[in-house]
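Asks: The residues making up each chain are set out below.
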Amino acid sequence: GQNIDQPTEMTATEGAIVQINCTYQTSGFNGLFWYQQHAGEAPTFLSYNVLDGLEEKGRFSSFLSRSKGYSYLLLKELQMKDSASYLCAVPNTGGFKTIFGAGTRLFVKA
Amino acid sequence: DTAVSQTPKYLVTQMGNDKSIKCEQNLGHDTMYWYKQDSKKFLKIMFSYNNKELIINETVPNRFSPKSPDKAHLNLHINSLELGDSAVYFCASSQLSGGQETQYFGPGTRLLVL
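If you read the sequences in order, they're chains U and A.
Counting from 1, one number per residue, gives the positions in the first sequence under the working numbering.
Counting from 111, one number per residue, gives the positions in the second sequence under the working numbering.
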């Protein structure tokens, strides 16, 4: 089966850097996604990793280690608008079923 | 241009009623999904459709019946609504291509069963 673990909540200060971790167990690997979800809104795509290493996209970076079943999302120069839930997600082989983690609620304070 | 749209955005109804939620995507995607997000914010897959065919049914009660009249639409009909059905329902679509299949979500339908 598939299982995803990520911290429930994190708090960080505006301008700082925060790392949100995700560990997963899957019976086959087809990449790992990070989505952002603001309160009352739909999830939106942030990043996708299928190979080991770091993918950088502006203030956001995502890292993957397939051998460790581990990923993290790194947010730099935090802004108040980054306060949201961050969902780690793993699709099954074929991609028709994606398992989402429970999400990490990030609070950015001034 | 709205990529994935859902109607209604809010739905308040009594236990035992039957209701429908509609979803449309204009992205030309082959695959569409229904998710349920409960009060604890857990986003859980309910159904996946590919080219109008049901691919995944995640042990959802048969009171929930999805229908896909064409690739661009995936509607969800719910019979005999129960209190536990209260949640936010998200429709999503993607184009599966043997690799990255980013999902695009609709704005959600907030269902409250009284």
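A hint or two may mislead.
Said to hold, decoys possible - Computed from the model, here is a short list of chain U residues facing chain A with C-beta under 10 Å:
| no. | residue |
| --- | --- |
| 1 | Leu87 |
| 2 | Gly94 |
| 3 | Phe100 |
| 4 | Ala102 |
| 5 | Gly103 |
| 6 | Arg105 |
| 7 | Val108 |
| 8 | Ala110 |
Hints are computed from structural coordinates only; laboratory data are not their basis.
A virtual CB, placed ideally from N, CA and C, is assigned to each residue, including glycine.
Asks: Run every hint past the structure and note whether it holds.
Replies: Right, here's what the structure says about each hint:
{"no.": "1", "hint": "Leu87", "result": "holds, 7 Å"}
{"no.": "2", "hint": "Gly94", "result": "holds, 8 Å"}
{"no.": "3", "hint": "Phe100", "result": "holds, 4 Å"}
{"no.": "4", "hint": "Ala102", "result": "holds, 5 Å"}
{"no.": "5", "hint": "Gly103", "result": "holds, 5 Å"}
{"no.": "6", "hint": "Arg105", "result": "holds, 8 Å"}
{"no.": "7", "hint": "Val108", "result": "violated, 18 Å"}
{"no.": "8", "hint": "Ala110", "result": "violated, 24 Å"}
The structure fails to meet hints 7 and 8 from the earlier list, while all remaining hints are met.
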